[in-house]
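*Asks:* The residues making up each chain are set out below.
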Amino acid sequence: MLEDIKSEITDINVAEASYPERGYHLAIEARKENLLRVIKFFDDKGFYLEDLCCVDYADYLELVYFFNNHTELFRIKTTIKLTPDKPSAPTISNIYTMAHWYEREIHEFFGVYFENHPNLTYLFLHDGIDSYPLRKNRVPVSEDDKRLLSFPIPHEEEDTFSVNLGPQHPSTHGVLRVILKLDGEYILSADPVLGYLHRMHEKMAENRSYAQFLPNPARMDYLASLNFNLAHVAAVERLCAIAVPERAQYVRTITCELNRIASHIFWLGAFLGDLGGLTPFLYGFDDRENILDILEGITGSRLTYCYFRFGGLYNDVDDNFMDATRAFVKRMWKRLPMYEKLVTKNVIFINRVEDVGILERDKVRRFGCSGPVIRGTGMPFDMRKVEPYAAYGDMDFEIPVGENGDILDRYMVRMREIETSLRIISAALEKLPAGPFNAEKVPKKLKPPKGDAYHVVESPRGQLGVYIVSDESDTPYRMRWRVPSYSNLMTFPHLAQGTLIADAIAILGSLDLIIPEIDR
Amino acid sequence: MGKRSLYLETKDPIIKFALVEKVLDLARANSLWPLGFGLACCAIEMMSTAMARFDIDRFGAGLFRATPRQADLMIVSGTVTKKMAPTLVTLYEQMPSPKWVIAMGNCAISGGPFVFEGQYNVVEGVDLLVPVDVYIPGCPPRPEGLLEGLMKLEEKITGTRRFPVPQAKW
Amino acid sequence: MIEQVINIVGMANIRVIIGLTGILTLITVSTLLLTWAERKVAGHMQRRIAAKEVGPFGLLQPIADAIKLIGKELLTPADVEKPLYFLGPILIFVPVLVSFVVIPFDARLQVMDVNVGILVILAFSSLSVLSILISGWGSNNKYSLIGAVRSVAQNIAYEIPLLLSVLAVVFMSNSLSMNDIVEAQKGLWYVFLQPIAFIIFFIACVAETNRTPFDLPEGESELVAGFHTEYSGMRFALFFLAEYTNIVIVSAVATTLFLGGYNGPILPGIVWFFLKTYFLVFVIMWFRWTFPRVRFDQLLNFSWKILMPLSFLNLIATGALLKLL
Numbered sequence: 001m002l003e004d005i006k007s008e009i010t011d012i013n014v015a016e017a018s019y020p021e022r023g024y025h026l027a028i029e030a031r032k033e034n035l036l037r038v039i040k041f042f043d044d045k046g047f048y049l050e051d052l053c054c055v056d057y058a059d060y061l062e063l064v065y066f067f068n069n070h071t072e073l074f075r076i077k078t079t080i081k082l083t084p085d086k087p088s089a090p091t092i093s094n095i096y097t098m099a100h101w102y103e104r105e106i107h108e109f110f111g112v113y114f115e116n117h118p119n120l121t122y123l124f125l126h127d128g129i130d131s132y133p134l135r136k137n138r139v140p141v142s143e144d145d146k147r148l149l150s151f152p153i154p155h156e157e158e159d160t161f162s163v164n165l166g167p168q169h170p171s172t173h174g175v176l177r178v179i180l181k182l183d184g185e186y187i188l189s190a191d192p193v194l195g196y197l198h199r200m201h202e203k204m205a206e207n208r209s210y211a212q213f214l215p216n217p218a219r220m221d222y223l224a225s226l227n228f229n230l231a232h233v234a235a236v237e238r239l240c241a242i243a244v245p246e247r248a249q250y251v252r253t254i255t256c257e258l259n260r261i262a263s264h265i266f267w268l269g270a271f272l273g274d275l276g277g278l279t280p281f282l283y284g285f286d287d288r289e290n291i292l293d294i295l296e297g298i299t300g301s302r303l304t305y306c307y308f309r310f311g312g313l314y315n316d317v318d319d320n321f322m323d324a325t326r327a328f329v330k331r332m333w334k335r336l337p338m339y340e341k342l343v344t345k346n347v348i349f350i351n352r353v354e355d356v357g358i359l360e361r362d363k364v365r366r367f368g369c370s371g372p373v374i375r376g377t378g379m380p381f382d383m384r385k386v387e388p389y390a391a392y393g394d395m396d397f398e399i400p401v402g403e404n405g406d407i408l409d410r411y412m413v414r415m416r417e418i419e420t421s422l423r424i425i426s427a428a429l430e431k432l433p434a435g436p437f438n439a440e441k442v443p444k445k446l447k448p449p450k451g452d453a454y455h456v457v458e459s460p461r462g463q464l465g466v467y468i469v470s471d472e473s474d475t476p477y478r479m480r481w482r483v484p485s486y487s488n489l490m491t492f493p494h495l496a497q498g499t500l501i502a503d504a505i506a507i508l509g510s511l512d513l514i515i516p517e518i519d520r
Numbered sequence: 001m002g003k004r005s006l007y008l009e010t011k012d013p014i015i016k017f018a019l020v021e022k023v024l025d026l027a028r029a030n031s032l033w034p035l036g037f038g039l040a041c042c043a044i045e046m047m048s049t050a051m052a053r054f055d056i057d058r059f060g061a062g063l064f065r066a067t068p069r070q071a072d073l074m075i076v077s078g079t080v081t082k083k084m085a086p087t088l089v090t091l092y093e094q095m096p097s098p099k100w101v102i103a104m105g106n107c108a109i110s111g112g113p114f115v116f117e118g119q120y121n122v123v124e125g126v127d128l129l130v131p132v133d134v135y136i137p138g139c140p141p142r143p144e145g146l147l148e149g150l151m152k153l154e155e156k157i158t159g160t161r162r163f164p165v166p167q168a169k170w
Numbered sequence: 001m002i003e004q005v006i007n008i009v010g011m012a013n014i015r016v017i018i019g020l021t022g023i024l025t026l027i028t029v030s031t032l033l034l035t036w037a038e039r040k041v042a043g044h045m046q047r048r049i050a051a052k053e054v055g056p057f058g059l060l061q062p063i064a065d066a067i068k069l070i071g072k073e074l075l076t077p078a079d080v081e082k083p084l085y086f087l088g089p090i091l092i093f094v095p096v097l098v099s100f101v102v103i104p105f106d107a108r109l110q111v112m113d114v115n116v117g118i119l120v121i122l123a124f125s126s127l128s129v130l131s132i133l134i135s136g137w138g139s140n141n142k143y144s145l146i147g148a149v150r151s152v153a154q155n156i157a158y159e160i161p162l163l164l165s166v167l168a169v170v171f172m173s174n175s176l177s178m179n180d181i182v183e184a185q186k187g188l189w190y191v192f193l194q195p196i197a198f199i200i201f202f203i204a205c206v207a208e209t210n211r212t213p214f215d216l217p218e219g220e221s222e223l224v225a226g227f228h229t230e231y232s233g234m235r236f237a238l239f240f241l242a243e244y245t246n247i248v249i250v251s252a253v254a255t256t257l258f259l260g261g262y263n264g265p266i267l268p269g270i271v272w273f274f275l276k277t278y279f280l281v282f283v284i285m286w287f288r289w290t291f292p293r294v295r296f297d298q299l300l301n302f303s304w305k306i307l308m309p310l311s312f313l314n315l316i317a318t319g320a321l322l323k324l325l
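Chains as they are written, first to last, in this note's numbering: chain X, 1 to 520; chain Z, 1 to 170; chain G, 1 to 325.
Since the hints were made in silico from the structure, they are not lab data. We put the beta carbon where it would ideally sit given N, CA and C, even for glycine. Do not take every clue at face value.
Unchecked claim - In the DSS-like style, the derived pairs of lysine-lysine whose C-alpha atoms are separated by at most 27 Å in a straight line are:
1. X/Lys385 with X/Lys363
2. G/Lys305 with X/Lys345
3. X/Lys32 with X/Lys45
4. Z/Lys169 with Z/Lys152
5. G/Lys40 with Z/Lys152
6. X/Lys136 with Z/Lys16
7. X/Lys32 with X/Lys181
8. G/Lys40 with X/Lys341
9. G/Lys142 with X/Lys181
10. X/Lys86 with X/Lys146
11. Z/Lys82 with X/Lys146
12. X/Lys45 with X/Lys81
13. X/Lys203 with X/Lys444
14. G/Lys52 with Z/Lys22
Said to hold, decoys possible - Covered, in the sense of this in silico footprint (three residues per stretch, anywhere, with C-beta under 8 Å from a C-beta of chain X), are these stretches of chain Z:
15. 46-55
16. 73-87
17. 116-128
18. 134-142
Claimed, not checked - Pair ranges (Cβ atoms, derived):
19. X/Arg331 with Z/Lys169: 51 to 59 Å
20. G/Asn301 with X/Asn119: 33 to 41 Å
21. X/Thr344 with G/Leu20: 45 to 53 Å
22. Z/Thr90 with X/Leu36: 44 to 52 Å
23. G/Ala317 with X/Asp191: 50 to 58 Å
24. X/Asp474 with Z/Arg162: 48 to 56 Å
25. X/Arg331 with Z/Phe116: 41 to 49 Å
26. Z/Thr90 with X/Asp191: 16 to 24 Å
27. X/Asp144 with G/Lys142: 53 to 61 Å
The following block holds chain X by itself, in its conformation from the complex (with noise of 0.2 Å):
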């Protein structure tokens, strides 16, 4: 790989990183004029574009690409400077359709230009903010973005009209607007408005300590805070060294699973619940419950957990915990079979799910999707087997998929997914070793040397990426987080056009999206 690229483009710094400490394989320096060959040559490879973000240095701005491979593991960082006043790329969205919002957010967020994008107006933030937040002195807004602020009023055409779908809405995903232009019941084009949960959550880690952003990601995926909390934490060990030990490697994986099953149970009943079903969501809840009771003995709270520190645990597992965790795991197997029937079996149901929402094969690198969106269509990509991290590299499991990519084949991977987390979850409650739960000797003040470091976890949703620069001061330079449901959100203006409200209700459930973590 390393030699491919040193043959093809010449003009570019090819540095190998260590992957251990870096969670990227190879660092690429490019500059603004050679970035489109090299992103075509990564294009031609079969490499989809895991990230992109944007960092501000004193006297410059840094663009950082992050690349990934659908077939094998092989992180690859590539960055351009750009100049602080008036910073301008080219845009890459014709190559990589995922880039499209993301340039978006770096434009308001840092006041990058893109050039050639289509569509650069924007997405998060509110009318009246003056300034690019996350810039690191005050930039205020130039005078053509001012114009972009102010949000457009649908055209009205003939024979079509348009209408809001939230922000205020039953539906139990969060406050998602979508603008859908409809010819009667037909949807012509759907398009999301996000930002009206945007939590400064990238700004806020900069200007808290390492541990006092330990709450944070918590709120960001509310139902799978667990996840969150392991990859912010795992993300700052990669970056410290620190080596975490056996026993907590795998409570954390055995509580990260419990919160997989709470988030896909209550992933069920909201999906239900859209299409008209409500018990589900009330039978759900019942073993949604008993894991929190069971989280709730070791962590403290029921929802938004914050169990793991630097180098472990918060305080050690005890007998309660392994009995009541046994005695869930019987029960849940006894229980599926009663979802099985009431909503698997339904006729009603399968008419509703079936050849609905079909998202081909080839479209996903494009879109960069992940979780079981990608799973649904038949392509058995998990970070758990990709990329082990806590103690996954121990354990044997399978990971179910999908033949056709329509929303029975993503609600089908949800329930395998749950017996998988079952069987992961017995498997290592036998194996669990006896030892500290806390590595020795981590400083109260984490400094971590001058680098950066890139972690990547499977949340239940999707791949779940911190991307962490530090400047061996005690609060993160720049804290970037790369949530599944962004990406995933991408791909529904393109499913939803040409079906009916009904069925666009029904593919927006299918993807799982929480949108506090697509606001950040």
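Dock chains Z and G against the given chain X, drawing on the hints supplied.
*Replies:* Chains Z and G only, in chain X's frame:
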């Protein structure tokens, strides 16, 4: 917060019968229909309260209406950002009176954990936008907390509390 | 004194007045109880106890709801079409009242024994869709309009299977009068002789009353609240109550046509009638909490491509068998 919103005052009735007022208050307290307005993490705890374990339907408040025209109670559960603020005020104004607002969670009370030096997007408390009747602290508050808030609101409406105040056992 | 009043007014008219009063009482009490029953049925199917605190077993809950709705502000949004907006909720009750007039509650307990009773019911049940359309259009709201239009298409589609299955019963009983149909079921209820017609009739009834799995006009998670989005207070209460009254009337008609009306052994006829009717009401509520919603084009396909040919074949088979036997 942008344009000033107009609050239309409903006029007092000409004839007041104390008994009629008492019956109306009792009926309103026992049949508070919430508006389904979940914003963030507290919304999940609000949904948990509507589920089988905590069951807010016992007290008559279980019919979550989708449209503000048919709701009496707005439970603001979650952070209110500056982009969402106009929508919230519009929804409040669309609700017919008598209406009440419960601010659930730290974010709705005063911005919660998202208030820091240089913050640019969070409205520090929903009582800057609409009048609030009951505040329920917590991040997120437990479902029992929301039920206690509902009891307090019923006490505010009728004057008497449904259940006695729980006594601490230690 | 009483004879003079009877001579002036006329015995038949007195019977109608007393009967209408009785029906209004019945509708009011029954609908209030049904709102309580819906919450209880929903609660127990979802493993919780709903409506427990307000009065014994929560029985005062509907009264609290009713008083609260009466005491709400009567809000009229700015740009509605006032005549249509005000007329919608009132018009939705008219077909129900008329339909109750011809239902036989017991052997001689019927307000008016019209000899084309079933035709009266079918004619007036088509009026309810008019009131939904009026409300949806007059609300000046896109969601209401989509909900109302869906309801019109759904109601029109399901009326034909309804009619054809009723015709099968009429073939067998040789009369359109409701009392005659019940009398003809003294030996064997029609549900055993015409099972297909009963199933088609029941499904069509659930679709006519806009209940799950056919509740798209009111599709909560899709369209805010469908055609009654802009209605508040007492006007919404009228829609709410009309839905439950509609359920009672369709169950009563199904009981009369297929389950033998007031026929039954030991207990008096009226008790049997109410038992059967409320059993069907319970089944309709059971559907709501079990099934998800059907998509709109699947709904119309189901009616036009499956139910209608099936009911037509049933009718032909009934006619042929009656001629041969």
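*Asks:* Can you give the numbers of the hints that this structure goes against, from lowest to highest?
*Replies:* 6, 7, 19, 27
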